[in-house]
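Novice: Anchor point for the sequence shown: position 238 equals 969 in our numbering, and the numbering is continuous, going up by one each time.
If you are wondering where the hints come from, they were derived from the structure by calculation, not from laboratory data. Misleading hints may appear alongside valid ones.
[Said to hold, decoys possible] Restraint-style ranges between C-beta atoms, simulated for each label pair:
| # | residue 1 | residue 2 | range |
| --- | --- | --- | --- |
| 1 | Val1063 | Asp897 | 18 to 28 Å |
| 2 | Leu1396 | Phe789 | 46 to 56 Å |
| 3 | Lys1089 | Val1295 | 48 to 58 Å |
| 4 | Pro1160 | Leu965 | 27 to 37 Å |
| 5 | Pro1052 | Leu1186 | 35 to 45 Å |
Each residue gets a CB set at the ideal place from its N, CA and C atoms; glycine is no exception.
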Amino acid sequence: MDLPHPEYNYFVARQIYNKPAFDDEHERKARVPKTLREKLVPKCDFSKKRAFQITKGFLPILDWLPQYRIKEWLLSDIISGVSTGLVCTLQGLAFALLVAVPPKYGLYAAFFPILSYFIMGTSKHISVGPFPVTSLMVGSVVLTMAPDQNFMIASNGTSINGTVIDTAARDAYRVMVAGTMTFLIGFFQLGMGVLQIGFLVRYLSDPLVGGFTTAAAFQVFVSQVKLILAVPTLNYNGVLSIIYTIIDIFKNIHLTNFADLVAGLLTILVIMTVKELNTKYQHKIPVPIPIEVIVAIIATAISYGVNLQAKYNAHIVKSIPRGFLPPQPPDVKIFSEIAASSFSSAIVGYAVAVSVGKVYANKFDYTVDGNQELLAFGVCNVLTGAFSGFLATTALSRTAVQVSTGGKTQIAGILSALIVLIVIVALGPLLQPLQTSVLAGIVVANLKGMFMQVLDVPLLWKQNKTDSIIWVFTCIGSIILGLDVGLLAGVVFEMATVVVRTQFPSCSALANVPGTDLYKNIKDYKNISEEPGIKIFKCNSPIYFANIDFFRDRLKAIVGVDAVRVNKKRTKALKQIQRLIKKGRLRATKNGVVSTTGIDNEAFEKDPEEVEDNEIPSTQVDIQVDWNADLPVKVAVPKVHIHSLILDFSAASFLDVMSVKSLKLVIKEFMRISVNVYIAGYDDEIYQKLELCDFFDDMVKRDILFLTVHDAVLFIKLQSINGTIQDPIYDKIALMQNSKDPILLTDDDDEEVETYDNQHRAIHGLSH
């Protein structure tokens, strides 16, 4: 954006404002919080209009369906629905392999979620159904709960070890586990929707999701490689499970079935090539080539015609019975074992769906309701779990097909469900000769987009190193620890980076841009300068218990003054000076300024002018000292070259009780060494916190608060001009003796000085 020519300046004339002055002039009013009754009454208004609005919010179909433009949208939705339905059918069969259940259950997972989402969903474009990452998360639990080893039975044949796997019992139990987990996932999503806590997904940042989905893609790839090679492996889960699987694959690679290997590799090559062509010529091709459907049809025909199973022992789908299974209740006995994995899967499934939904909502200018999406997917998964399906979310590739083929509304989704229904009730058995390696190839070919996310890491490193570290940590953690534990580890690590960034925030000294009211970091610009005697300190973070010590350390380092140390040194010096006065080796004028007497007397000798006015003992004289001059005692007192300190709170979003207490101590420490402290740029919420925490008292007053840094600087300058603020320069202290060397106190003197601690604490308070 071009800025106006420099000659176009703006001028503001107003008085200097501190907090009391601004409140008085503008008549600050107290905030009156609403009572619980006032909050609840509007929500308890059950008029017909409100009831209809609530119903429409819960059932969005009542809002969008009456507005459906049949002539404009119906044809596009039909084309999109048919294309997406064919892809959805094949992906359902393929993703069932990730869940470790028979392929036919993937059809149920592709059909039932669409029905409820059509009624309750708010996204017009996402294709609801299985997704590789979430399918693998369910599959990892299924394999843990129902490994092959648990279903070994004695063999009556010529088996080498005398046992075989009871596949019927194993598959039945795995289907039950997948259905129960899906039901529990739906229950969690419904609960979060009712409680309106869809915000939880915000903790899954883009770098975290990118690292997690890339790791999941790697896990999916390994799980499908063993199907493409058709080599046996044991079922592993948990830490290093992927490594053990890879080891098994290489151990048994000599058992590779070449018919399955060739079919799988050709599937991957053809699908990826055609997808590239679809992307490259998307503006010239009216409808993307449904290559998965074409490959599946050709592969099924070849397998059936050549009889690959009989001739080459190829692994095929085998059984896709027509019709549906009756609904099954979940097995509540295993809830406790799968609860943690179910919750993480619920979060991931929701995050994927909402992320994709918002991308297309922004593109086509409408909104997606996050909490309503939780309710919609909750119902989807409860229904799907009851009918032996598995976790539903959305697949990026399938949604892209629905959008690119012209899908306008949820009508396209319900039509895709109709295609899946036709396969379930009629055409399913035609796909029985299809090789499982072809389905695995379809899955692998659709992983390209997730693998390409690796290219984001170098860019992230340039933009934000912390985000790139989160991406890498989550990816590696999810590969090594497993998807559920890896996701949790990634979230914890991400939160830790936030804590670290606020615990060790950037702090800086500010300086004035000449001729303006602007103040910038002194390290960033050449032509800016600090005001003499004034330090401006800024902390770019909320100030709370975890970073208050760091705040104090940085304040000492940047301002160059350690108020506590200065106070201790001055206290020690005052004690020694008072000791010398008592011995008569120093004296004070009637103004309390330490000066020479010219003689070495044994007792304190008062000024002649002071005798008739003051008869107070010497120990109660108000001592004034030029701390920047050479002292008459051997104590190194740090020099304080500033008289004012401004704390810029414009970047402080909140304070807590501990930080307020510590801040008050810091201010008092500086005030004791004659450095006035001001707070500028504060927010009203900060002021309320200071009030609630009893920050203000007789020493720390409200008039140290200023609306801006410039207000505080101008106020300090006016005070200096008026003489209210002056540097602590007094008459220099000299020795009673002719020698100018500092007095060295003996050990006896030091011990005697300590007896005056209580007495000189009072003097310490008057030394300013």
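Novice: Next step is simple, just say for each hint if it's right about the structure.
Specialist: Hint by hint, here is what the structure shows:
{"no.": "1", "hint": "Val1063 with Asp897: 18 to 28 Å", "verdict": "25 Å, holds"}
{"no.": "2", "hint": "Leu1396 with Phe789: 46 to 56 Å", "verdict": "54 Å, holds"}
{"no.": "3", "hint": "Lys1089 with Val1295: 48 to 58 Å", "verdict": "52 Å, holds"}
{"no.": "4", "hint": "Pro1160 with Leu965: 27 to 37 Å", "verdict": "32 Å, holds"}
{"no.": "5", "hint": "Pro1052 with Leu1186: 35 to 45 Å", "verdict": "44 Å, holds"}
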